[in-house]
Amino acid sequence: MTLHELTIAEAGERLRAREVSSSDLLEAALDRASRTEAQLHAYLTIDREGAREAARKADADLADGIDHGPLHGVPVALKDNMCTRGVETTASSQILAGYIPPYDATVTRKLKEAGAVIVGKTNLDEFAMGSSTENSAYGTSYNPWDIGRVPGGSSGGSAAAVAIGSAFAALGSDTGGSIRQPASLTGVVGMKPTYGTVSRYGLIAFASSLDQIGPLSRSVQDAALMLEAIWGHDPLDATSYSGSYPNPSAALDDGVSGLKVGVVKELAGEGYEPAVETAVSAMVDKLSDAGAAVVEVSLPTFDIALSAYYLIAPAEASANLARFDGVRYGHRGEGATTEKLMARTRAEGFGPEVTRRVLLGTYALSAGYYDAFYGQAQKVRSAIQEDFSRAYGSVDVLVSPTSPTVAFEAGARVDDPLAMYLSDICTIPSNLAGHPAISIPIGLDEQILPIGFQVMAPALGETVMFQVAATVESLAGFTERPVLEELAS
Amino acid sequence: MTWESVIGIEVHIELSTSSKMFCGCAVEFGAEPNTNICPVCLGLPGALPVPNRKAIEWIMAIGLALNCEVSERSVFHRKNYFYADLPKGYQISQFDIPVCHDGYLDVTVDGETRRIEIERAHMEEDTGKSTHVGDGGRIHAAESTLLDFNRSGVPLVEVVSRPDIRSAAEARAYAQDLRAVVAELGASDVRLEEGSVRFDANVSIRPEGAEGLGTKVEVKNMNSFRSLERAVEYEIERQISVVEAGGELTQETRHWDEEAGVTRSMRIKEGSSDYRYFTEPDLAPMVMSASWVDEVRVGLPELPAERKARYSNEGLDPDLAGVLSSSPVEVRDIFEVATAAGADHRRAANWLVGEVTAWLRRTETDPAKLPLGGEQLAELVEIVDEGVVSSSAAKVVLEGVLQGEGSPREVAEARDLVQISDMSAIEEIVAKVLADNPEAVDSYAAGEEKVVGFLVGQVMTASRGKADPKLVSELLRKKLSS
Numbered sequence: 000m001t002l003h004e005l006t007i008a009e010a011g012e013r014l015r016a017r018e019v020s021s022s023d024l025l026e027a028a029l030d031r032a033s034r035t036e037a038q039l040h041a042y043l044t045i046d047r048e049g050a051r052e053a054a055r056k057a058d059a060d061l062a063d064g065i066d067h068g069p070l071h072g073v074p075v076a077l078k079d080n081m082c083t084r085g086v087e088t089t090a091s092s093q094i095l096a097g098y099i100p101p102y103d104a105t106v107t108r109k110l111k112e113a114g115a116v117i118v119g120k121t122n123l124d125e126f127a128m129g130s131s132t133e134n135s136a137y138g139t140s141y142n143p144w145d146i147g148r149v150p151g152g153s154s155g156g157s158a159a160a161v162a163i164g165s166a167f168a169a170l171g172s173d174t175g176g177s178i179r180q181p182a183s184l185t186g187v188v189g190m191k192p193t194y195g196t197v198s199r200y201g202l203i204a205f206a207s208s209l210d211q212i213g214p215l216s217r218s219v220q221d222a223a224l225m226l227e228a229i230w231g232h233d234p235l236d237a238t239s240y241s242g243s244y245p246n247p248s249a250a251l252d253d254g255v256s257g258l259k260v261g262v263v264k265e266l267a268g269e270g271y272e273p274a275v276e277t278a279v280s281a282m283v284d285k286l287s288d289a290g291a292a293v294v295e296v297s298l299p300t301f302d303i304a305l306s307a308y309y310l311i312a313p314a315e316a317s318a319n320l321a322r323f324d325g326v327r328y329g330h331r332g333e334g335a336t337t338e339k340l341m342a343r344t345r346a347e348g349f350g351p352e353v354t355r356r357v358l359l360g361t362y363a364l365s366a367g368y369y370d371a372f373y374g375q376a377q378k379v380r381s382a383i384q385e386d387f388s389r390a391y392g393s394v395d396v397l398v399s400p401t402s403p404t405v406a407f408e409a410g411a412r413v414d415d416p417l418a419m420y421l422s423d424i425c426t427i428p429s430n431l432a433g434h435p436a437i438s439i440p441i442g443l444d445e446q447i448l449p450i451g452f453q454v455m456a457p458a459l460g461e462t463v464m465f466q467v468a469a470t471v472e473s474l475a476g477f478t479e480r481p482v483l484e485e486l487a488s
Numbered sequence: 000m001t002w003e004s005v006i007g008i009e010v011h012i013e014l015s016t017s018s019k020m021f022c023g024c025a026v027e028f029g030a031e032p033n034t035n036i037c038p039v040c041l042g043l044p045g046a047l048p049v050p051n052r053k054a055i056e057w058i059m060a061i062g063l064a065l066n067c068e069v070s071e072r073s074v075f076h077r078k079n080y081f082y083a084d085l086p087k088g089y090q091i092s093q094f095d096i097p098v099c100h101d102g103y104l105d106v107t108v109d110g111e112t113r114r115i116e117i118e119r120a121h122m123e124e125d126t127g128k129s130t131h132v133g134d135g136g137r138i139h140a141a142e143s144t145l146l147d148f149n150r151s152g153v154p155l156v157e158v159v160s161r162p163d164i165r166s167a168a169e170a171r172a173y174a175q176d177l178r179a180v181v182a183e184l185g186a187s188d189v190r191l192e193e194g195s196v197r198f199d200a201n202v203s204i205r206p207e208g209a210e211g212l213g214t215k216v217e218v219k220n221m222n223s224f225r226s227l228e229r230a231v232e233y234e235i236e237r238q239i240s241v242v243e244a245g246g247e248l249t250q251e252t253r254h255w256d257e258e259a260g261v262t263r264s265m266r267i268k269e270g271s272s273d274y275r276y277f278t279e280p281d282l283a284p285m286v287m288s289a290s291w292v293d294e295v296r297v298g299l300p301e302l303p304a305e306r307k308a309r310y311s312n313e314g315l316d317p318d319l320a321g322v323l324s325s326s327p328v329e330v331r332d333i334f335e336v337a338t339a340a341g342a343d344h345r346r347a348a349n350w351l352v353g354e355v356t357a358w359l360r361r362t363e364t365d366p367a368k369l370p371l372g373g374e375q376l377a378e379l380v381e382i383v384d385e386g387v388v389s390s391s392a393a394k395v396v397l398e399g400v401l402q403g404e405g406s407p408r409e410v411a412e413a414r415d416l417v418q419i420s421d422m423s424a425i426e427e428i429v430a431k432v433l434a435d436n437p438e439a440v441d442s443y444a445a446g447e448e449k450v451v452g453f454l455v456g457q458v459m460t461a462s463r464g465k466a467d468p469k470l471v472s473e474l475l476r477k478k479l480s481s
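Chains V and W supply the protein sequences, listed in that same order. Mapped onto numbering that gives the first Met the number 0, the consecutive letters of the first sequence carry residue numbers 0 to 488. Mapped onto numbering that gives the first Met the number 0, the consecutive letters of the second sequence carry residue numbers 0 to 481.
Hints are not guaranteed to be accurate.
[What the hints assert, rightly or not] With a straight-line Cα cutoff of 30 angstroms, these simulated DSBU-like cross-link-like pairs (lysine-lysine) come out:
no.	chain 1	residue 1	chain 2	residue 2
1	W	478	W	465
2	W	78	V	378
3	W	128	V	339
4	W	431	W	449
5	V	339	W	431
Just so you know, these hints were derived from the structure itself, not from any lab. If you're wondering where the values come from, they're calculated on a predicted model, not measured in any experiment.
The shape of chain V in the complex, shown without the other chains (with noise of 0.2 angstroms):
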């Protein structure tokens, strides 16, 4: 195997057992870049240099004998809606080109203070408002399983580089499931926490109550030890969790046997690909042979929550991304008076997706439709929330494909707004309730794109939620990696 398809617990034994050096995974995976970037462009800032310090610091720290545990010189990606002190974070807008933040974002520090090498910023949808990466001001990411189709969204930058090598993981943000489709699309392992433990502080906002960091790894293990190197009770975050914490690598090991996997009626039928459930409904029967009781369990308010999600998280982001006027920093239009320039600078800085939502939420917001709009939307949140609480009543965990579909291609939704909403489907109505979900890549469609699984728990059923989903991957046995006609270097 070579060392851009290692996973961070094999690449962190060979790195322990001096085999290989922290600059040695970092220049694989800065070749593997190298090699494909031209047809995924997976990055839109590269930190060689950077990454490159980092790594020989790490493999300095090693030979003294300072471990700062299981990332420990292992090089990673951030989502560019991710703060990084002195290299420019643009989250794909146009409105921040050149955009240099003066601090880190607390999931950059935990990181670099967990001694993983930041290999460098990954393309989204501009301010991660999209599913397939394709609203990004700095040009569409592809997939590596099929170049002519999108690897998902927003973080399908991550997930693309995540996919081909050219990071062992990599940051992610899911606001309605930006880090589990993309992860499905491409398959990766994606995970969003519950709502809280893993700081939002220097996380470009796009919708403040449900967006989450989370990683996006080659395994279920891995998900776990990113997880645990980024979350935690962080002061800078006022809707940080602090209490006590779930322990997502302890049972890993554990199976299923005894526990209760329910399976969300409301999440198949019209509009999901044969493939996918087909491959969905094998692995539950899976799960059921390997000893866990599957029920069907019904959620009516899912069929509603993306109509909520579609107010609640533009209403937030009409206000989230009002700070972006030309005023202090990024992108400035021209204007006689300051109401022009603000204008102008918006009007010019913002693509037309962002246009979109935050005419959408600023409209839900105003006065005379706050009721009949964003009230609304609350209450079916309120809903959504009784109808999990309800279902984890009668079982630990809630199972549904990750993705109606598979990979769909290039410029196919991208003048139909609604069908691509309905990417999100099965992975916003976690988001609207703050609980954790993760997709585990299980099988190929007949065209060997990848098909995700998602398992759900409640608020803090990490433990739970890796167990089931370490289950899922083992019975899986998905080894496949995309085939891309590499470029020389």
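Add chain W to chain V, keeping to what the hints say.
Frame of chain V; chain W shown alone:
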């Protein structure tokens, strides 16, 4: 027709916390522009607010001092609007569940006390400061605008009264009393000239006895109590004259022009402003537990109104009680010590609000450095009571004490101000004065009693002020009548 004015006042109070509302930056007036700033108060991408617990305690204290109820649970909202000095494009404020609600402040004008109800006191953050450069600083003609974000994120408490105020004088009294309460708590610097307390007045008129409310005009830009009173007075008159001339009032915001002494209509915005309030998702609801509220309540100092009532109970007339109550804490402390040492309350208070306050003003001395102890004041009152010094000599004694010459008794001795209590010595002087002023004696005999005053003055002069004037007067009358 007789018109009644209906006035509500919004007061913004900048808290004097050491750090800002949602970040650790220092709160400091007059610092170099843009030196107390960070990613949070600059609204940099990704930065998040974390509430300042001390600020929440201050607003609870202000609310309790204004007889408000403290909400068990309170929520921050985003108030959305674009402005160059508003870095996030929204202000973190409160909407439907403020920290404090339903209180009151009793205000006295010309001896009449009225209760002004307080609708709410809510917590918010201040904006940055814009300075328009060029063409007289007017925004529309300015060549450029300078932005200072030092003030951005400074904790601000907004206290909103109900429209219970009925006159400009009452508006002023309400504002002054509210400021005194906040000053007493130590929650703010309360410096009007630095903008740490700011007032807006909502003014309308209606026919006397009417129930409904007239068209409301918001008046801004008053930076002293006097300008608040003048602006409200002007606005009431303006509204009456518009209506009486058959005109109609417009709901608008007007700017008080201090120099011209008029309110002027500000640019009329197209449509009414819609701030699109919604719950701030970056902040969890605040929970004010009963035990936390009690903790704050127990820590409240004696408030001006309570103190005034106590002074009245202790025998001061209302005016004296009011003046002493609003005197600097150092002055009031002297009162407490002096009365505890046995001094008569009224006399001690008179000394403090009279001679002592005048001396502070004349010598421009900081009350904190007042060189007078409560025991000394008690002694001063005592030696006047005992007749050791005359009340006029006592003023000279006080001067000496304040100049550090020793205790009142020592000063009286040293400055030779002790009254002559030896009757024979006074009789001697009286005899001499009568002998020297035969015309006066004759006048008295002719029925001109008022010459006694002249003669008393002569005796006092002869005794260099040391004779007891009362005694002298009695003695003179006795001699003249004999």
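Results for each hint:
With a CA separation close to 20 angstroms, the supplied pair residue 478/W and residue 465/W stays within the 30 angstroms bound. Pair hint residue 78/W plus residue 378/V holds up; C-alpha atoms about 22 angstroms apart against a cutoff of 30 angstroms. With a CA separation close to 20 angstroms, the supplied pair residue 128/W and residue 339/V stays within the 30 angstroms bound. Annotation: proposed proximity of residue 431/W to residue 449/W holds, straight-line Cα distance about 19 angstroms (limit 30 angstroms).
Taken as a hint, the residue 339/V and residue 431/W pair is broken in the structure, with Cα atoms around 94 angstroms apart against an allowance of 30 angstroms.
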